[in-house]
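Given these sequences and hints, build the entire structure.
Same order as they appear, the protein sequences are chains Z and D. Heads up, the working numbering is the position in the first sequence plus 94, with the first residue counted as 1. Heads up, the working numbering is the position in the second sequence plus 311, with the first residue counted as 1.
These are computed hints drawn from the structure, not numbers from a lab. Honestly, I wouldn't trust all of these hints.
[As the list claims (entries may be wrong)] Which chain D residues face chain Z? A few, computed with CB under 7 Å, are given here:
1) Leu-315
2) Glu-322
3) Ala-324
4) Asp-325
5) Glu-326
6) Thr-329
7) Gly-334
8) Val-335
9) Pro-336
10) Lys-340
11) Pro-344
12) Phe-348
13) Pro-356
14) Cys-358
15) Pro-359
Just so it is clear, the structure is predicted and the values come from calculations on it, not from any experiment. We treat Cβ as the ideally placed atom computed from N, Cα and C, and that holds for glycine.
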Amino acid sequence: MKQLTIDPVSRLEGHARITIQLDERGRVASTQLHIAQIRGFEKFTEGRPFYEMPGITSRICGICPVSHQLASAKACDAIMAVRIPAAAHKLRELLHCAQYVQSHALSFFYLSSPDLLLGMDSDPAKRNVVGVIEKHPELARLGIELRKFGLQIIEGLAQERVHPSWVVPGGVSSPMAPALRERTLAELPGALAGAVRTLAFFKSALGGFQEEIDSFGTAPTMYAGLVNRAGDMQLYDGELRFRDPAGSIVQEGIPAEEYATWIGEATLPYSYLKAPYYKPLGYPQGIYRVGPLGRLNAATRCGTPQADQELEEFRQRFGSPAHSSFLFHYARLIELLYAMERIGQLLDDPEILDTHVRATAGVNCGQGIGMIEAPRGILIHHYKVDADGAMTWCNLIVATGHNNLALGHSIQQVSERFIDGTHLQEGMLNRVSAVVRAYDPCFSCSTHAAGQIALRIQLLSRDGRILDELRSARE
Amino acid sequence: MSRLLQRVYVEGADEGKTIPTDGVPSLLKQARPLQEFVKVDLHLPGCPPPAKTILAVVNGLLGDGKAQPAATTMKFG
Chain Z
95 MKQLTIDPVS
105 RLEGHARITI
115 QLDERGRVAS
125 TQLHIAQIRG
135 FEKFTEGRPF
145 YEMPGITSRI
155 CGICPVSHQL
165 ASAKACDAIM
175 AVRIPAAAHK
185 LRELLHCAQY
195 VQSHALSFFY
205 LSSPDLLLGM
215 DSDPAKRNVV
225 GVIEKHPELA
235 RLGIELRKFG
245 LQIIEGLAQE
255 RVHPSWVVPG
265 GVSSPMAPAL
275 RERTLAELPG
285 ALAGAVRTLA
295 FFKSALGGFQ
305 EEIDSFGTAP
315 TMYAGLVNRA
325 GDMQLYDGEL
335 RFRDPAGSIV
345 QEGIPAEEYA
355 TWIGEATLPY
365 SYLKAPYYKP
375 LGYPQGIYRV
385 GPLGRLNAAT
395 RCGTPQADQE
405 LEEFRQRFGS
415 PAHSSFLFHY
425 ARLIELLYAM
435 ERIGQLLDDP
445 EILDTHVRAT
455 AGVNCGQGIG
465 MIEAPRGILI
475 HHYKVDADGA
485 MTWCNLIVAT
495 GHNNLALGHS
505 IQQVSERFID
515 GTHLQEGMLN
525 RVSAVVRAYD
535 PCFSCSTHAA
545 GQIALRIQLL
555 SRDGRILDEL
565 RSARE
Chain D
312 MSRLLQRVYV
322 EGADEGKTIP
332 TDGVPSLLKQ
342 ARPLQEFVKV
352 DLHLPGCPPP
362 AKTILAVVNG
372 LLGDGKAQPA
382 ATTMKFG
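Here it is in structure tokens:
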């Protein structure tokens, strides 16, 4: 028996290693995804004042700091037992939509487009964002422009692009400047057109990826996402809904406070990333997926006109629920469009400029739970405090964690389909990495760990000798 | 460190209550600062350092080769 190791997996956030066991005939026997890092936010935050948590947990991730701040602030709102002012609620959602735009654009253009535009088997030395800029300068520029649009809204509202301190327990620290609203509304049509163009381009290229669509994690699972009472997808606030693999709603209307009744966490012996599961079905039968594909499958509709039209087309083409994890890319681009449309709706609401944006209170509850849809899926912050508001306990369930079991299955399927151990080629292993990228995982977030962008694959003999190794160039 | 692992993987789990050891590295007792191991020429404060500070340093290096940004950019907050 031989073993392949991909270490580190490149073009994703954080460190991952994949081991692939081959049998005597060079066929894939088993695979494992190892996440090799943990920072320990659950422990070292003990004793901190709860109102510092949005600033501390923001540092979990440089890509989605806003999502952590918002989940954290919602947990703090619950500790204070306040309902935040309506304008603050809308401003937080606006900030989060802008975060979706920048994060989804980053995932698609910077991390995944090299595989999609240059080809899974293209020269790995050029299969990166620089290679995309060389061969497809128009699309590369579009990606940069879309990301900039999102980042400028974040900077305009919150003064800083990364780790701002504008989101506070009880609301936000300052109202929206009318000039920012005007400027963003003026730029929105261009950005919206860019999102439509990206989606049109992706759909036109989809025909070339039939093999990937058919083999990139197609096993049916449950899906989970936040929706409102009408079933519309919700990015900032909503209740949890689970759909079964056949598409029936098995549970919905779950508020943040009840997450632990429905979501269990399993420790895997080979990874620092735990695997959440749907509790009523137990582990590991309770496998479900979150993130763009999970959200679109869980929701009844998006709730904005253009995104809903695209969702309709998506469902006609791939069914509802759609199971292939390659379609995470497609779903992500529909959400990019949704986030733009939602930004327009929020800016058109006169209340967005209201200056009452913060509620104040002390500790009124011994614990608080914040639940939000981060770009990569459901994010839960659960805090317990003493009477003085000092943290005594903390649990974080991060988006990528929910997909841990599904990621494992997808890696197994892609490995079985593409890897021939007697004739190893880089493109085979790149497909294993590419299916991981489709999920757009954030392993830094998921184990709340420090890391750099990277992936490595090793071929080991049965006795553990390294027979071959592919190490991705650091990008 | 063992309290952290115990807290997350044993107390913080409903299933498989064990500390992961298979194919994952054990953790070091402490994180040590970079400058204890390599010579660091310049520290840029901030998480992340503001874009203007980074630009000032790069421009300094491109100009007279001295990466010394204005003192006003070399502070937190």
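*Interface hint outcome for D/Pro-359 [beta carbon to chain Z under 7 Å]*: holds, 5 Å
_Restraint check, 7 Å cut-off on beta carbons, for D/Cys-358 near chain Z_ = holds, 6 Å
*Can the hint on D/Pro-356 be confirmed by a CB-to-CB distance to chain Z that is less than 7 Å?*
violated, 13 Å
_Checking hints one by one. Is D/Lys-340 an interface residue toward chain Z, by the C-beta closer than 7 Å rule?_
violated, 13 Å
*Hold the hint about D/Thr-329 up to the distance rule: shortest CB distance to chain Z must be less than 7 Å.*
holds, 6 Å
*Would you check whether D/Glu-326 satisfies its interface hint, that is, whether its CB is within less than 7 Å of any CB in chain Z?*
holds, 4 Å
_Given hint D/Val-335 near chain Z, where the shortest CB pair must fall under 7 Å_ = Nearest chain Z Cβ about 5 Å off; hint holds.
*Would you check whether D/Pro-344 satisfies its interface hint, that is, whether its CB is within less than 7 Å of any CB in chain Z?*
violated, 13 Å
*Once the shortest beta carbon distance from D/Leu-315 to chain Z is found, is it less than 7 Å?*
holds, 4 Å
_Given hint D/Asp-325 near chain Z, where the shortest CB pair must fall under 7 Å_ = Since chain Z brings a Cβ to about 4 Å from D/Asp-325, closer than 7 Å, the hint holds.
*Have a go at the D/Ala-324 hint: is there a Cβ in chain Z nearer than 7 Å to its own Cβ?*
holds, 4 Å
_Under 7 Å is the threshold here; is the Cβ of D/Phe-348 close enough to any Cβ of chain Z for the hint to stand?_
D/Phe-348 check fails; min Cβ-Cβ to chain Z is 16 Å, beyond 7 Å.
When each numbered hint is compared with the structure, violations occur for hints 2, 10, 11, 12, 13.
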